[in-house]
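Chemist: Protein chains in written order, with numbering that gives the first Met the number 0: chain A, 0 to 490; chain B, 0 to 490; chain C, 0 to 439; chain D, 0 to 439.
Treat the hints as calculated values from the structure; they're not laboratory data. Hints may be right or wrong, so weigh each one.
[To be verified] Mimicking SDA-like on lysine to any residue, the simulated pairs with C-alpha atoms at most 25 angstroms apart in a straight line are:
id, chain 1, residue 1, chain 2, residue 2
1, A, K432, C, K47
2, D, K47, C, D58
3, D, K436, B, A104
4, D, K338, C, E5
5, C, K158, A, G319
6, C, K158, A, D260
7, A, K362, C, A74
8, A, K307, C, A8
9, A, K482, C, K338
10, B, K432, B, E419
11, D, K52, B, E374
12, B, K482, D, K52
13, D, K144, D, D185
14, C, K47, A, A235
15, B, K385, B, E374
[To be verified] If you want a taste of the chain B side facing chain A, the calculated C-beta under 8 angstroms gives, among others:
id, residue
16, Y1
17, D15
18, S48
19, V59
20, N60
21, A151
22, H153
23, D155
24, Y308
25, T429
26, T431
27, E433
Heads up, the beta-carbon is just placed ideally off N, CA and C, and yes, glycines get one too.
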Amino acid sequence: MYQQAKHDRRLIMERDGRSDFDLPFLNELTDQDAVVPSGMRRTELDLPSLPEREVVKHYVNLSQMNFGVDNGLYPLGSCTMKFNPKYADYLTSLPSVNCIHPYQAEETVQGALQIMHELELALCEISGMDAVTLQPAAGAHGEFTGMLLTKAYHVDRGEDRDEVVIPDSAHGTNPASAAMAGYRVVEIPSSMDGRVDLEALKSAMSERTAAFMITNPNTLGIFEEDIQQIAKIVHAAGALLYYDGANLNAVMGRTTPGKMDFDIVHFNLHKTFATPHGGGGPGAGPVGVKERIEPFLPVPRIVIKDSKYKLDYDRPESIGKVRSFYGNFAVLVRAYAYIMRMGGNGLKAASDRAVLNSNYLKKQLMDVYPLPFRELRKHEFVVSAKPLKDQRGIRAFDVAKRLLDYGYHAPTVYFPSLVEEALMIEPTETETKETLDEFAAVMKRIASEDPELVRSAPHNTAVKKVDEVYAAKEAILSYRAFKRRGAGPKA
Amino acid sequence: MYQQAKHDRRLIMERDGRSDFDLPFLNELTDQDAVVPSGMRRTELDLPSLPEREVVKHYVNLSQMNFGVDNGLYPLGSCTMKFNPKYADYLTSLPSVNCIHPYQAEETVQGALQIMHELELALCEISGMDAVTLQPAAGAHGEFTGMLLTKAYHVDRGEDRDEVVIPDSAHGTNPASAAMAGYRVVEIPSSMDGRVDLEALKSAMSERTAAFMITNPNTLGIFEEDIQQIAKIVHAAGALLYYDGANLNAVMGRTTPGKMDFDIVHFNLHKTFATPHGGGGPGAGPVGVKERIEPFLPVPRIVIKDSKYKLDYDRPESIGKVRSFYGNFAVLVRAYAYIMRMGGNGLKAASDRAVLNSNYLKKQLMDVYPLPFRELRKHEFVVSAKPLKDQRGIRAFDVAKRLLDYGYHAPTVYFPSLVEEALMIEPTETETKETLDEFAAVMKRIASEDPELVRSAPHNTAVKKVDEVYAAKEAILSYRAFKRRGAGPKA
Amino acid sequence: MSQEKEMLAALGLSSLDELFVDVPEAVRIDGLHLPPGRSELEVVRDLKAILAKNLTADDHPCFLGAGIAHHFIPAAVRTIVGRSEFLTSYTPYQPEISQGMLQALFEYQSYIAELTGLDAVNSSAYDASTALGEAATMCFRLNEKRRLLVPEAMSWEKKSVLSNYVLGLKMEIVEYGYDPITGELDLEDLRSKVDKDTSGIYVEVPNLFGVIDSQAPFLKQEFPEAALVVGVDPISLGVLKSPGDYGADIVIGEGQSLGIDMNFGGPLLGIFACRQEHVRKMPGRVIGMTHDSEGERAFCMTLQTREQHIRRSKATSNICTNEALMAVAASVYLSILGKEGLEGLAKVNIARARKLMDSIGEIEGFDSPAFEGSHFNEFVVRTPTRPEKLNRLLLKHGIIGGVPLASHIPRLDHHMLLATTEMHSNADHDALLKALKEVS
Amino acid sequence: MSQEKEMLAALGLSSLDELFVDVPEAVRIDGLHLPPGRSELEVVRDLKAILAKNLTADDHPCFLGAGIAHHFIPAAVRTIVGRSEFLTSYTPYQPEISQGMLQALFEYQSYIAELTGLDAVNSSAYDASTALGEAATMCFRLNEKRRLLVPEAMSWEKKSVLSNYVLGLKMEIVEYGYDPITGELDLEDLRSKVDKDTSGIYVEVPNLFGVIDSQAPFLKQEFPEAALVVGVDPISLGVLKSPGDYGADIVIGEGQSLGIDMNFGGPLLGIFACRQEHVRKMPGRVIGMTHDSEGERAFCMTLQTREQHIRRSKATSNICTNEALMAVAASVYLSILGKEGLEGLAKVNIARARKLMDSIGEIEGFDSPAFEGSHFNEFVVRTPTRPEKLNRLLLKHGIIGGVPLASHIPRLDHHMLLATTEMHSNADHDALLKALKEVS
Ligand SMILES: Cc1ncc(COP(=O)(O)O)c(C=O)c1O
Ligand SMILES: Cc1ncc(COP(=O)(O)O)c(C=O)c1O
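Same shape as in the complex, but just chain A:
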């Protein structure tokens, strides 16, 4: 049975040695060489000092206590943890990607600008939008950018709209991003069949409504069939329709947000386009818009002039910048390489297979983990551990933890909240039927295991069940804070 590696877990600060790092000029330094205003001089610097050997050992061993896509199935719904191809890693190791400064003259970075420009065009095609900015650093950042664009758009039209409508099943970043841009968030409940409730939507819309934010397929993996009516209702109210692109993996080559009449869309390149998530980031959250919103996009825009790529800052209606420079370039290169490798046919095939895998897996699980709402799902689906909880006292949480013992990452749990004991499962297209069959078998097996064994899981991971309450109560966020307390958990 699976067992995760377990290594010495002292902090790097709790180890002893002597650094063997060296730099040119270090030996030539004299006291006069590094003058600092006296009031600004540091007197204490309590950092460890270790030979590289110890540092490498420490982090290699730490890494073995971390689970990535490369270790196995990672069916974390909504997060689209597909395989991250290695040629993309290779490309970002090139100095022509990683060793260029954003303030270099345009003529010295034509390759970079070309790739960004072509990526913008490819994203336009994939999303059916008219223009794309690559600047946002992540999905939520894209949403925030979208909200700033929404604001700029309405202000430009002389309208003062201060509400954004969002379904209750939306990802938390949607309301948070809208609020950050100064909008009041109006949440509408989902319909009885897990989709947007058109009546609720209608009654929420008003002349105060700036935008309606949704994903399609939604977080249940259900395609919003009424999308045309939704678009009509939203547009009739003078609001914009915003597409959270986190679920774009379901529909590439089958439909586009543009075709569905969305006005603004963000992409998660670290989901749909296979760039690795790095244990939390970096990602990239480009934003696509319809033509009428294009003037407001962040500066600079990449343009072609005299057959050269240029950065155009002369955009009087632009919202300005949402982060320094031009976006997470190294991530953009990976995504572009992925799109080139897959091609139009490959992207469509990826979505098709993602949906097939999802529906196939759903089918295997349904008798033990009931599926609320309709059967046909897109790239992900949500099942419930409610019966299991009622009958055997095994909660969705317990199933998730027990899955870790079998060498799987857990699905997303308790989201969306409209499903009790929700397990949100997204296998992605990069998994084989064999993997899905084995996973389904384990899911079923867990349902009939000794409930105590399941509730006390995980057993095979580097640490046993983690006390999250203690962490929140004590809020020990650094070794410095730990030392200051004088006591706390020991390695």
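Fit chains B, C and D with the ligands to the supplied structure of chain A, relying on the hints for placement.
Modeler: Only chains B, C and D with the ligands this time, still in chain A's reference frame:
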């Protein structure tokens, strides 16, 4: 406590999927494009077909079931498992190292030739020899080359010598290499104090003796203090003195084989010069010789002519080649980078620290694991588990296996055979005092653990004790053979 | 039967199209008009060829700074951040199986805590500019005031990002000037602008001119009511007093100098630290120390009740995906350098900049450094020709010049910001000096 | 107190020198006369600058073969062989903690077994030439005879290595000729040289001329007494009959084409396979399948009683360190390609070579292919000018030409061996053709 990762252990051949590999031209192929003589056409090819995702998962997980230097202390005596610096990995990732063909014209590989030439010079300085060939692929290959040189040297002098004398404590490759070159091997026993027995040596030497092969320090970590007499005895008999460089890590900057009057020496770049061992190889085993043996070195020799590096094949007395091309170039680049990084001072400091670490660790262990022979050791030492075996039934083998449970690689065991229940320990210079202290504490702790617990070790590794007898009896060396048998161990 | 056929059969379907019957005809498309897929070999070869059009700092001495600069990255850093288990994992939602990432991020937080002198650190913002934006809104959460003072001498990009981040709260951004002689902040001007509605004061050390502001340590005493936000280059903290020591409430900064590639400007690493007492008002993900059910030390994401997925529109920030891998890179980098290494690095940067600015100062027509304050690794030069033109000339010598300051402070249109680090050899400096002499 | 001082103190010593009192004064040296150590930054920068003097096949189309050639390596191969746990481990002496390497090597053996049609495979020899040397001595162990027949059309380097490997056993190497029309072996000549003392016959498929010898399948029938040793390019086995199927006793080959860099000729991968019944006579390390104490499948090094560390001077070989990591690379490579991928690769190589040889044949003055047999990915061209001169001219066009065949077969002094693989685009072929036209 330490625990190694454990993953699904099916063979890659036992997995199911479909390859997503692609190549240019593949779609354009017609039947006429790939004509093969009909009698030579393959009809069956039973290989797996898996998407890259499955392949990466499989091997990443396999790797977690393997222990390398980067995971922890690897005190495998004689093998010098020191830290392998990462800048060397980087250098070998450059196309200017890995994407050049050995038959390129000299003018197109000046960089490669320069590095090889400068490495030869550095190895001359480190060993005190007059010329070095980089061609041999490993230590044993260097020994074989040395034996061929020995033969060429004597033949050139019109002498027909057919014996090589070797101490009983020598590494197995020494007699094997001598035998491969057609020599009869004469083994001499060690003296009572673990060194070369001068009397035995004298009586073994004759006009039939081609060479005497030794390491210094020897496999016990003891420096052969009588090295000057040894050299005299050997040379007086007209034989050559061969230095097995596996233990060179002990003496850099303190003495050289040249100074000790050795005639031929091989280096293990994968030991002394920090190149990684790759789970078994590649290594590199350059050979250094005194001037009078230089004419016999393998072709080509790197020479400088008109300020250009050239490959000189016009060496009428050369033994020819011991392998294709010029040696394990990528390994040579690593070793050269290491030598440059360390510098003369750094190499000496490395040897000094290796010897300090070894003596310090020996001192910590001696009361529980007695040290035969004298106390002062060089970079490694051999202790005995004899008392432990006699008193508690714990053999050296058991100690080795139990160490695995604590996240250490085991020392070399039962070698050299002149020490009963031998544990041959080489910490190397890249370990901190903290690591040595912790290791010593564990070694002592094992000595007082429940003998049954120790004898049944390891418990925390990916598999439990492996049945080596079954493996040798059944000799199942491939999946093909496994399938043919129709039965065998299942994953 | 192929996998796909088997799976379709299990679903009682005969084609993939049937999986999309819920997509209304009217919104369907017939595939994507993109080139067909190509092999890895071709894609890599073509992209390499395109990328080869870039000039890199790897083979052209590059004196650009203003936020990020070319620094040395030990190969071991790449080895670690390239490890599959780190690279291909998601945000550590399941702590039991993610201790590696969690501990590495806790160590990152610990390093930044030590450098900044503040106990609470988040596990990253996108970059310095968004960290500043988040700091601004946090100032509001601290004291419910809306006026924020920022230096005129600050990157225009940061100013632009900041104004977008405070838009929702309708905070007011007010600029204070700098001393034209020293390049430090103009204390008089600042005094005249701080009022009782002032939520926070932002100061950069070193600032846009590369100047280490000697007045920073006195700001908290002077303006105790306002939150003090300090922007740093973390490697400078190898020799500079920690902002926590002089009363900073929040410290932000660009962490790119900590072993992260320039990447044409991204991914970067937004540093964000604050006083422990403000921790529940802070934005972004944080990793906390705790224990497992057997009492062994463990780590997990914590204080999530501040975050978007729980608090939704009331969250302290919308941030979700951050720059975790860069934070790991920073941990590994700082671990390799160690105390002496970081100190040495900071000193080398100061010494090299001093040498270069003095040498340029000796060239006819150049005023260098243009400001008298102490410098870290950047400095301003008044140039005889317009910096844009100068850069074009330098490029002919194979040199990537400095940042024309006018792009940030329009009035300084004959000023160029030059950065130099441990990466520049004496030959690189000499090449720049020689080229500057030729053009002057 | 520093670590070193503490440790010295624990030993009752006061200086490092005291650790070397056992080194006689007369043989001591006073340090090494090498430049002092330098920082990683400097060393890497300098070595990169030196290496930059090399032209690479990465940016210059390269038509060199004769043993190794430029092939495509999926990035994933490097990801795996770069994993610390594989890269920095020793030979797996402790199987319990080394299952990863052991299984990967077992899989390598399994792949080679399937390709060669032989059940027993070792976990690598240094390269094809030493694998051949080991095969020769194994022939002797099989039948105690001393005469070995090898093709005249064979790399001179292999011949030289072989003669060194058989020196100890005093085996006799006899060359047999080739058919000047087809480029296949001259069966008549071979027949005339095989006698009752013949230990083994070595044949290469494809051979030095790139020709797939159609007579190979009949050799074992023809010469049942002699051991049949076949040399292969493993990727050709994607479409070619496995030598085991036509009676080979031993198969050797160069595994570089299986995802291994050219590396200026090293490290490479020596393939070595034999019939199961000969397994105890085989050289080199082998990994066997077994089980652990709980009955679970496990792997370990086995048949070690053949090896040097047990049998010492009676061992089947002296080999210890081998090319294990390259064997892992080959496993990963073959796993990624899969059945269809390997077949496709072999076909693409054949088709591309055919296209190129025919196109060259159309150029005035060139006779291409010079031999009529079927080719894999190499072929011989008779050139109007001497190949060395031709290569110099090609280099001016940025092209790395082919191998002048005279270096291997002196008589063929107007012949050049050209290799082409999946790496060459149509543009690469066109560039070569254009350049050849210009020089002809
Ligand atoms: C549906 C949905 N929307 C938005 C986001 C936010 O994206 P990011 O994490 O890239 O900021 C996510 C990802 O967590 C998501 O799943
Ligand atoms: C003392 C000694 N000599 C020779 C060798 C053989 O070297 P290699 O393994 O590189 O062939 C070794 C290594 O195993 C050794 O330890």
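Chemist: Look at each hint and say if it fits the structure.
Modeler: Results for each hint:
no.	hint	verdict
1	K432/A <-> K47/C	violated, 35 angstroms
2	K47/D <-> D58/C	holds, 10 angstroms
3	K436/D <-> A104/B	holds, 22 angstroms
4	K338/D <-> E5/C	holds, 21 angstroms
5	K158/C <-> G319/A	holds, 10 angstroms
6	K158/C <-> D260/A	violated, 34 angstroms
7	K362/A <-> A74/C	violated, 47 angstroms
8	K307/A <-> A8/C	violated, 52 angstroms
9	K482/A <-> K338/C	holds, 18 angstroms
10	K432/B <-> E419/B	violated, 28 angstroms
11	K52/D <-> E374/B	violated, 51 angstroms
12	K482/B <-> K52/D	violated, 51 angstroms
13	K144/D <-> D185/D	holds, 23 angstroms
14	K47/C <-> A235/A	violated, 48 angstroms
15	K385/B <-> E374/B	holds, 18 angstroms
16	Y1	holds, 6 angstroms
17	D15	holds, 4 angstroms
18	S48	violated, 11 angstroms
19	V59	holds, 4 angstroms
20	N60	holds, 6 angstroms
21	A151	violated, 42 angstroms
22	H153	violated, 45 angstroms
23	D155	violated, 46 angstroms
24	Y308	violated, 27 angstroms
25	T429	holds, 5 angstroms
26	T431	holds, 4 angstroms
27	E433	holds, 5 angstroms
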